[in-house]
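*Asks:* In the order they appear, the protein sequences are chains A and B.
Residue numbers for the first sequence follow this note's numbering, beginning at 1 and rising by one.
Residue numbers for the second sequence follow this note's numbering, beginning at 1001 and rising by one.
No lab work stands behind these hints: they were computed from the structure.
Note that the structure is predicted; figures quoted are calculated from it, not measured.
There may be inaccurate statements among the hints.
Taking lysine to aspartate or glutamate pairs in the DMTMM-like style, the calculated list, with each CA pair at most 20 Å apart, reads [unchecked claim]:
#1 A/LYS173 with A/ASP207
#2 B/LYS1205 with A/GLU134
#3 A/LYS191 with B/ASP1170
#4 A/LYS53 with B/GLU1326
#5 A/LYS264 with A/ASP177
#6 A/LYS173 with A/ASP335
Sample of chain A residues facing chain B (criterion: CB under 7 Å; computed from the structure) [claimed, not checked]:
#7 GLU77
#8 GLY96
#9 THR98
#10 GLY99
#11 ALA100
#12 ARG105
#13 LEU108
#14 GLN111
#15 GLY113
#16 ALA123
#17 ALA146
#18 GLN217
#19 ASP220
#20 VAL296
Yeah, the Cβ is synthetic: ideal placement off N, Cα and C, and Gly gets one too.
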Amino acid sequence: MLRTHASKLAATTAMGAMLMAVAACGGSSSSGTDTAAPSASSASSAAAPTGAKVGLAYDIGGRGDQSFNDAAAAGLEKAKTELKLAGTKELEAGAGETGAQKEQRLRLLAQGGYNPVVAVGFAYSEAIKKVAAEFPDTKFAIIDDAAQGPNISNLVFAENEGSFLVGAAAALKTKKDHIGFVGGVQVPLIKKFEVGYTRGAQAVKPDIKIDVKYLTQPPDFGGFNDPAKGKTAAQGMYDSGADIVYQAAGGSGGGVFEAAKAAKGLAIGVDSDQALTADAGVRAVIMTSMLKKVDVAVFDFLKSFADGTVKAGATTYDLKAGGVDFSATGGQVDDIKNKLDEYKQKIISGDIKVPSE
Amino acid sequence: MSSSFTDRLLGRVRLGGLLGLAAPLLAIVFAGLVTSIILQLTGNPPFETMKLLADYGAQPRTIVMIINLATTYYISALAVAIGFRMNLFNIGVDGQYRLAALVAAAVGGALVLPAPLHVGVTILVAVAVGGLWASIAGLLKVTRGVSEVISTIMLNAIATGFGAWLLTTDRLAVAVSGSNNIGTKPIPPSGQFPGFGLIPGTQAKVFGFVVVAALLGLAYHILFNWTRFGFDLRATGKSESAAVASGVNVRKMVLLTMVLSGAAAGLVGMPQLLGASYSYSLDFPTGLGFTGIAIALLGRNNPVGIAIGALLWSFLDNSSDILDLEGIPKEIVIIMQGTIVLSVIVAYELVHRYRLAAEQRRVSRELSAGASAPEGVAA
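Full structure from sequences and hints, please.
*Replies:* So this is what it looks like as structure tokens:
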């Protein structure tokens, strides 16, 4: 009797331990980085006003995902040096927290005198509406969301347009007329990537075969941070005959690249130019990346704040604005670059309309 | 007077008098010590960190946030504790409350009813869905002997998949305008559970559901200590064979307990749904069922103990951001939570063993005194 109790208890405790481990992994050690105010800056350029104190709130994952969050962080880093920010503070969400905790995170930043405050990710949608109303003199920005408010700027992207281009690239490059898509979590945001990719591929080859796989479904957001799952999913696609796989899976993308290398296939990166940012061993398989220039958006917003020209409402980073694009690092798409640029012009001019769902 | 480790762990053996006070005190001292050492080792001043936490925790708004989150944790821990009381390890509270909240949110958003009825129906739906989902594990156990630990963990995964299937715009969800989020149709004001401004100095409102949680704790106490059902349940938990011998239908008890635990789990999402978000969307809080397991252990399945545990847990969770803001790694909070659970388990076990040893010494002293006395008479 005692044995069975003990084993049950062991299972329970193990679950608890795993849970805590997961929660611990969720946070990166670089959170809470505090940069002291460069007091010398005012002396060096006497006329320049002291730069802003910028607060940045990440969703789960934070820095270190080699993708979305890192792109936001890169924008902040650039602003730090170029705009002489007086200080920055980055806070990060915990696993499974409530909306009230997200609100409080933004509130703490605003209370602490951080202005502007940037929220990274649509999960902050409700929270930012409430907190922005409480602090009318603070400027807020949110990435990937259209939350309305007189002091909220929305930095939104046309991921579908960028994905259209890499979809066309995959269709032009495939030798088997069979390609794949690995999405991190089955949410509307990632669906935009899939739809654009599919349309782009079909624009080149109408009856191309496209495998689609999402790693997890909400509320399990682990699919953005699970390279093993990404590897298995991509492996399955290569095994069944696909030769190019596009990943929109955040931190799980590394697994997709590994699978591509093992199968001697090709892969397409996302968000950042991953032929430069991914692990050195797998860079060769990344034929192109769909660039979502979160760093540019963050920097632009901070710059507009420094210039005093912040405008509330949506700024759409689409192909026309150069907010999304494809990368040509490594020269693997040089031979088809003309064709891709042609599609790009057609989308910009409106000849091709890329649906988002 | 012998008791198994599990019995002691789950608080089925009571400590009386001063010893009952000694165990939690010992736990607090031990947890504080370990946390201080860890803080010191990671280069953060322990005293200042604790003071920072305490100051932040004493702010009116923080108090409201602590109470609100604790309400949710409390219900979750009670749901787990119901199973614990008869050795049923319901790991599935997580899946049960998520599915219940999703369906209840959809029903609540679709209904048009006068206020009290609207809230009532929504809650009833949640309770029913939670109970039904848990009954699958109960049925599997009584008919096929499947361990509820395994089946509830699997049902969690199935609930995730099923929930994701339901939460699409083709079915229960509507797109949140201009956002990448999707959620169920918002529950109209008539279906919302009003909060109240309990704490002066802030506009933030305490969830009205805190009253429901308190009533639930009371019901839990009465059920287990004052009813035939509660007695049967505890008896089955302590010794199945003895319960069978005295005419308890163990299969029925297993199924009922599982359903009861699931029904309580169905309420876990309600404070958040009816008091704050009014919609089940992609960012609805997850993992509350697992937190409930830790808090049930922390509170030793006692309704008051669980309340204290839930408040402590919620305080730590809510304070993590202030640490982050001050440049202290927020993961310290997770370490604290783990340390506290372990401390409580170790402290109670130590006190139990001390009591057992003291008792044995007393008995042996009495025996030897009793044995020597007749000799004296004889001599």
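*Asks:* Now tell me if each hint is right for this structure.
*Replies:* Cross-check of the supplied hints:
{"no.": "1", "hint": "A/LYS173 with A/ASP207", "in the structure": "holds (15 Å)"}
{"no.": "2", "hint": "B/LYS1205 with A/GLU134", "in the structure": "holds (15 Å)"}
{"no.": "3", "hint": "A/LYS191 with B/ASP1170", "in the structure": "holds (14 Å)"}
{"no.": "4", "hint": "A/LYS53 with B/GLU1326", "in the structure": "holds (15 Å)"}
{"no.": "5", "hint": "A/LYS264 with A/ASP177", "in the structure": "holds (16 Å)"}
{"no.": "6", "hint": "A/LYS173 with A/ASP335", "in the structure": "holds (10 Å)"}
{"no.": "7", "hint": "GLU77", "in the structure": "violated (18 Å)"}
{"no.": "8", "hint": "GLY96", "in the structure": "holds (4 Å)"}
{"no.": "9", "hint": "THR98", "in the structure": "holds (5 Å)"}
{"no.": "10", "hint": "GLY99", "in the structure": "holds (6 Å)"}
{"no.": "11", "hint": "ALA100", "in the structure": "holds (6 Å)"}
{"no.": "12", "hint": "ARG105", "in the structure": "holds (5 Å)"}
{"no.": "13", "hint": "LEU108", "in the structure": "holds (5 Å)"}
{"no.": "14", "hint": "GLN111", "in the structure": "violated (9 Å)"}
{"no.": "15", "hint": "GLY113", "in the structure": "violated (11 Å)"}
{"no.": "16", "hint": "ALA123", "in the structure": "holds (5 Å)"}
{"no.": "17", "hint": "ALA146", "in the structure": "holds (3 Å)"}
{"no.": "18", "hint": "GLN217", "in the structure": "holds (3 Å)"}
{"no.": "19", "hint": "ASP220", "in the structure": "holds (5 Å)"}
{"no.": "20", "hint": "VAL296", "in the structure": "violated (19 Å)"}
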